[in-house]
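Put together the whole structure using the sequences plus the hints.
Just so you know, the protein sequences line up as chains A, B, C and D, in that order.
Numbers in the numbering used here are just positions in the first sequence, counted from 1, shifted up by 1.
Numbers in the numbering used here are just positions in the second sequence, counted from 1, shifted up by 1.
Numbers in the numbering used here are just positions in the third sequence, counted from 1, shifted up by 1.
Numbers in the numbering used here are just positions in the fourth sequence, counted from 1, shifted up by 1.
Hint data in this document are derived by calculation from the structure and do not stem from the laboratory.
Hints may be right or wrong, so weigh each one.
Identical chains blur together in the list; that is why a pair holds if it fits in one copy or across any two.
[Unchecked claim] Quick list of in silico lysine-lysine cross-link-like pairs, DSS-like style, CA-CA up to 25 Å: (1) K192 - K33; (2) K130 - K92; (3) K257 - K33; (4) K192 - K92.
Number of protein chains: 4
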Amino acid sequence: VQIVGATGYGGIGLIEQLLRHPAITVTSLLAKSDTGKLLSDFFPHVRGICDMVVEEVEPQRVGEDADLVVFATPDRVAMQYAPTLLERGIKVIDYAGDFRFSDLDAYNRYAARQPSVGGRPHLCPDLLKQSVYGVPELFREEIRGADLVGNPGCFAITMELALAPALQAHLVERQSLIVDGKTGTSGAGKKLSVATHFSEQAENITPYRVAAHQHGVEAAEVLMRYAGSRVGVTFVPHQTPTVRGILCTCYAQLSKTISGKDLYDVYFEGVRS
Amino acid sequence: VQIVGATGYGGIGLIEQLLRHPAITVTSLLAKSDTGKLLSDFFPHVRGICDMVVEEVEPQRVGEDADLVVFATPDRVAMQYAPTLLERGIKVIDYAGDFRFSDLDAYNRYAARQPSVGGRPHLCPDLLKQSVYGVPELFREEIRGADLVGNPGCFAITMELALAPALQAHLVERQSLIVDGKTGTSGAGKKLSVATHFSEQAENITPYRVAAHQHGVEAAEVLMRYAGSRVGVTFVPHQTPTVRGILCTCYAQLSKTISGKDLYDVYFEGVRS
Amino acid sequence: VQIVGATGYGGIGLIEQLLRHPAITVTSLLAKSDTGKLLSDFFPHVRGICDMVVEEVEPQRVGEDADLVVFATPDRVAMQYAPTLLERGIKVIDYAGDFRFSDLDAYNRYAARQPSVGGRPHLCPDLLKQSVYGVPELFREEIRGADLVGNPGCFAITMELALAPALQAHLVERQSLIVDGKTGTSGAGKKLSVATHFSEQAENITPYRVAAHQHGVEAAEVLMRYAGSRVGVTFVPHQTPTVRGILCTCYAQLSKTISGKDLYDVYFEGVRS
Amino acid sequence: VQIVGATGYGGIGLIEQLLRHPAITVTSLLAKSDTGKLLSDFFPHVRGICDMVVEEVEPQRVGEDADLVVFATPDRVAMQYAPTLLERGIKVIDYAGDFRFSDLDAYNRYAARQPSVGGRPHLCPDLLKQSVYGVPELFREEIRGADLVGNPGCFAITMELALAPALQAHLVERQSLIVDGKTGTSGAGKKLSVATHFSEQAENITPYRVAAHQHGVEAAEVLMRYAGSRVGVTFVPHQTPTVRGILCTCYAQLSKTISGKDLYDVYFEGVRS
Numbered sequence: 002v003q004i005v006g007a008t009g010y011g012g013i014g015l016i017e018q019l020l021r022h023p024a025i026t027v028t029s030l031l032a033k034s035d036t037g038k039l040l041s042d043f044f045p046h047v048r049g050i051c052d053m054v055v056e057e058v059e060p061q062r063v064g065e066d067a068d069l070v071v072f073a074t075p076d077r078v079a080m081q082y083a084p085t086l087l088e089r090g091i092k093v094i095d096y097a098g099d100f101r102f103s104d105l106d107a108y109n110r111y112a113a114r115q116p117s118v119g120g121r122p123h124l125c126p127d128l129l130k131q132s133v134y135g136v137p138e139l140f141r142e143e144i145r146g147a148d149l150v151g152n153p154g155c156f157a158i159t160m161e162l163a164l165a166p167a168l169q170a171h172l173v174e175r176q177s178l179i180v181d182g183k184t185g186t187s188g189a190g191k192k193l194s195v196a197t198h199f200s201e202q203a204e205n206i207t208p209y210r211v212a213a214h215q216h217g218v219e220a221a222e223v224l225m226r227y228a229g230s231r232v233g234v235t236f237v238p239h240q241t242p243t244v245r246g247i248l249c250t251c252y253a254q255l256s257k258t259i260s261g262k263d264l265y266d267v268y269f270e271g272v273r274s
Numbered sequence: 002v003q004i005v006g007a008t009g010y011g012g013i014g015l016i017e018q019l020l021r022h023p024a025i026t027v028t029s030l031l032a033k034s035d036t037g038k039l040l041s042d043f044f045p046h047v048r049g050i051c052d053m054v055v056e057e058v059e060p061q062r063v064g065e066d067a068d069l070v071v072f073a074t075p076d077r078v079a080m081q082y083a084p085t086l087l088e089r090g091i092k093v094i095d096y097a098g099d100f101r102f103s104d105l106d107a108y109n110r111y112a113a114r115q116p117s118v119g120g121r122p123h124l125c126p127d128l129l130k131q132s133v134y135g136v137p138e139l140f141r142e143e144i145r146g147a148d149l150v151g152n153p154g155c156f157a158i159t160m161e162l163a164l165a166p167a168l169q170a171h172l173v174e175r176q177s178l179i180v181d182g183k184t185g186t187s188g189a190g191k192k193l194s195v196a197t198h199f200s201e202q203a204e205n206i207t208p209y210r211v212a213a214h215q216h217g218v219e220a221a222e223v224l225m226r227y228a229g230s231r232v233g234v235t236f237v238p239h240q241t242p243t244v245r246g247i248l249c250t251c252y253a254q255l256s257k258t259i260s261g262k263d264l265y266d267v268y269f270e271g272v273r274s
Numbered sequence: 002v003q004i005v006g007a008t009g010y011g012g013i014g015l016i017e018q019l020l021r022h023p024a025i026t027v028t029s030l031l032a033k034s035d036t037g038k039l040l041s042d043f044f045p046h047v048r049g050i051c052d053m054v055v056e057e058v059e060p061q062r063v064g065e066d067a068d069l070v071v072f073a074t075p076d077r078v079a080m081q082y083a084p085t086l087l088e089r090g091i092k093v094i095d096y097a098g099d100f101r102f103s104d105l106d107a108y109n110r111y112a113a114r115q116p117s118v119g120g121r122p123h124l125c126p127d128l129l130k131q132s133v134y135g136v137p138e139l140f141r142e143e144i145r146g147a148d149l150v151g152n153p154g155c156f157a158i159t160m161e162l163a164l165a166p167a168l169q170a171h172l173v174e175r176q177s178l179i180v181d182g183k184t185g186t187s188g189a190g191k192k193l194s195v196a197t198h199f200s201e202q203a204e205n206i207t208p209y210r211v212a213a214h215q216h217g218v219e220a221a222e223v224l225m226r227y228a229g230s231r232v233g234v235t236f237v238p239h240q241t242p243t244v245r246g247i248l249c250t251c252y253a254q255l256s257k258t259i260s261g262k263d264l265y266d267v268y269f270e271g272v273r274s
Numbered sequence: 002v003q004i005v006g007a008t009g010y011g012g013i014g015l016i017e018q019l020l021r022h023p024a025i026t027v028t029s030l031l032a033k034s035d036t037g038k039l040l041s042d043f044f045p046h047v048r049g050i051c052d053m054v055v056e057e058v059e060p061q062r063v064g065e066d067a068d069l070v071v072f073a074t075p076d077r078v079a080m081q082y083a084p085t086l087l088e089r090g091i092k093v094i095d096y097a098g099d100f101r102f103s104d105l106d107a108y109n110r111y112a113a114r115q116p117s118v119g120g121r122p123h124l125c126p127d128l129l130k131q132s133v134y135g136v137p138e139l140f141r142e143e144i145r146g147a148d149l150v151g152n153p154g155c156f157a158i159t160m161e162l163a164l165a166p167a168l169q170a171h172l173v174e175r176q177s178l179i180v181d182g183k184t185g186t187s188g189a190g191k192k193l194s195v196a197t198h199f200s201e202q203a204e205n206i207t208p209y210r211v212a213a214h215q216h217g218v219e220a221a222e223v224l225m226r227y228a229g230s231r232v233g234v235t236f237v238p239h240q241t242p243t244v245r246g247i248l249c250t251c252y253a254q255l256s257k258t259i260s261g262k263d264l265y266d267v268y269f270e271g272v273r274s
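So this is what it looks like as structure tokens:
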């Protein structure tokens, strides 16, 4: 496996997991910052475990020594490399939003909301059809056979796992979904901002992008498959004084009464199949 | 003014405010713990400002040297003293739930949900008729003339101020109210608990009493006056790693479309009148 | 391995480590609280990984199904069981202070400072001679052959690893040691206290047991072996608004000048041998 | 009073204090960022209390409508304006290090350590003689008559108040001073940095500029006046996960034995005179 974007919080989190996996070898680490240093120089907890040098992202280096390239990069990076890599028979996983959607309309709705995309057009819309959404609890079989996987947004996967079972069982009105999200600061990455400045964030809880966050759009696209038709999600994310983790409190209008036991069954079956 | 319950977080917060008020004199401090000590012995930030001795709560001492007694005590304390105090012409403010409701049915719905009351009967239900709810933004005139004030629950006042204007203007469906509450740990007071143990609460956000918190019942009683008839509030409080402050994110189904400017007017008029 | 005291923070931390070890089997979990429940009922992060039932600590149960018993218990628990267990050929590791010292005088100096011991006499002083201090960086060989290991106090191991190399190389005046310690709240365990109440600890750093903490005594006993004669340690611990981790900033008067490179060598050789 | 640097944490903290003072009028607010906005637009807690417009720092505007100009700005700003202001009879207080020292040698020792000064020469060294150090507990009389005050560094004042009484009473060896400092993140101001990024600072305590922080130099200069000759201060600051406040734990070798009562007297007399 080659990791592009190895020096961010997503990259190091991924590397921690991969290093423990008996069948996976991390072959190279690429990034735009901290290149030329050992990964363990700035993430000392992997000293002695992963002392590889971080290399500059050079186009010809991407995919060179790996069967799989994982992009832990911002939106619109993986789409620059995916067509060539797939042609060369190299599998691709993207942690950003480039391949989370199976059609261009859905991507465009997401792109209109994602500030870092700013509505710019997709570079390889043909690949969307073959891309698979990387939530193993929901799409395990498709992921197994996939060459191109778009991993979910952090808030999006949370609300999808919470709401998909209820929508599939027609327990709730599909237009009534409300999600109140609470996130830690690591979700915003290493990039410095006033919102994640310690003096500002400690002792504060701050709603942002109220009913306008791109992960609400993303979840609505995925949940539609379980509801049978378009769903309405009102999503309000909040930045909280925690580092890791997300909590989504989800509300919906019940469309029929159900016992606690049956509800439990819906959720345990729903999540597992 | 005499303060009963002077050593808790509510008591000291109140004392801080009263000490700055030019027309108010704090005459005595009563409590159940830390009696015999100076208040400034255990709250050093008032040293030199309030070095009064904290006295034991003796029944005959309550009301002795004051025109007004404020109870910063748990539920079911103020109701033991209020009838006698009012007969003696002494005004009463309660920070707990004993006098927040104007009729016994409303109190009983609250009492059924409040764990510390456990559904026990009110000791002086006749006084409920004359008690006034202590939210100055909503009931300023009534409070001015009142002898007996029941101050609101911390979550309750937050959702009342947020939702009363919209309900009064018939902007939202009165059965569709959803409140997602986030509170600091000081709301739970000085009492030690696993939920407010630092090792457990840091880096965690925890929902509790889901759709079963007594402040949801309290707010529903108050909001009914603005909606014209009974309202439905689904209230989910969350404990967060902050000390002070409450944030309630409120959701409701719009019953008509309204421009941003008109909405702004509804809120600024609603809160002020 | 049998764990006594499986439900505390020390116990679960230990279990997390042991579960990953290929050559160790956790055979039973004993405790005084939460008995009769699955460990994963109250530590949900080990669900599916360690769903063993926590059993009551019955004397005859201790050591029943294990080659090694680990006591993650307060002071004065392991000493009640160690003589019998060792006679039966079962090895013992204690996380408290019962077997950290090789002679009774040293133990008594520690016991005089440890509030939970209160100076009460050791129950099996004969065993102190054979006990080994559980810091592998310093006593790896002795630990390998030991039947009875006393694991170090959290602050003690930190200052020992920091100061032993310098003392062994006679770099610093052995009477001039100053340690300024900063600890997270998990060190105080699950026991509720005002000092670890979230509302009190957040935004605060609090020195406690100034120059009187039992881990200062413990470290002084161990460091004496490296200095050749008695050392003087002034230790001031501070409680900080973090959960995990300890930082000790150590100061000492240099007894000779040394280059940065030589200092580095002293530390890397010292720690490794 | 005119405030230069009104939009930083130092500026707003100062404004909060001045607004409560009955004999002081804040006449204008100057700054380099957020100019043209109301102060209350970005510090909403002063809405209705201080709704003044923040103006650009234009040279001719500085001192225009005030008897006193306070510079809550970085090093090397106040020294650009002080000569002209003093000539015009306008008093000056600086929150940075430009006027903390009474002779150029002392300033130069500080300037060599302060990263933002980088050893550049002072612009008006003649004024150092007339400047007064702004610690009222130590220099109240001098401050009363002063036209030019250099307010102390945050860590410096802490260690000065802690150590001046002991040095004046010759209780401690003046070469043996050790200060272990713990600071909140507001001391680093509004400027974004990795060290104050929430994801990095939460759950962490980090020593920095070990024995090389400019406030150690500053305190040594001031403490010399109390010790009678040069003092030695080893100062290690730590960044902690708190916002406000500083704690300095100070250590020194006693030069004579003293009873607790006498020590108490030294400290209460020392601080008060």
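These are the hints, each one checked on the structure:
1. K192 - K33: Both: 13 Å inside a chain and 24 Å across chains, each within 25 Å.
2. K130 - K92: Within one copy only: 15 Å inside a chain, 62 Å across chains, cut-off 25 Å.
3. K257 - K33: neither (53 Å within a copy, 45 Å between copies)
4. K192 - K92: neither (28 Å within a copy, 42 Å between copies)
In terms of the numbered hints stated before, the structure departs from hints 3 and 4, listed from lowest to highest.
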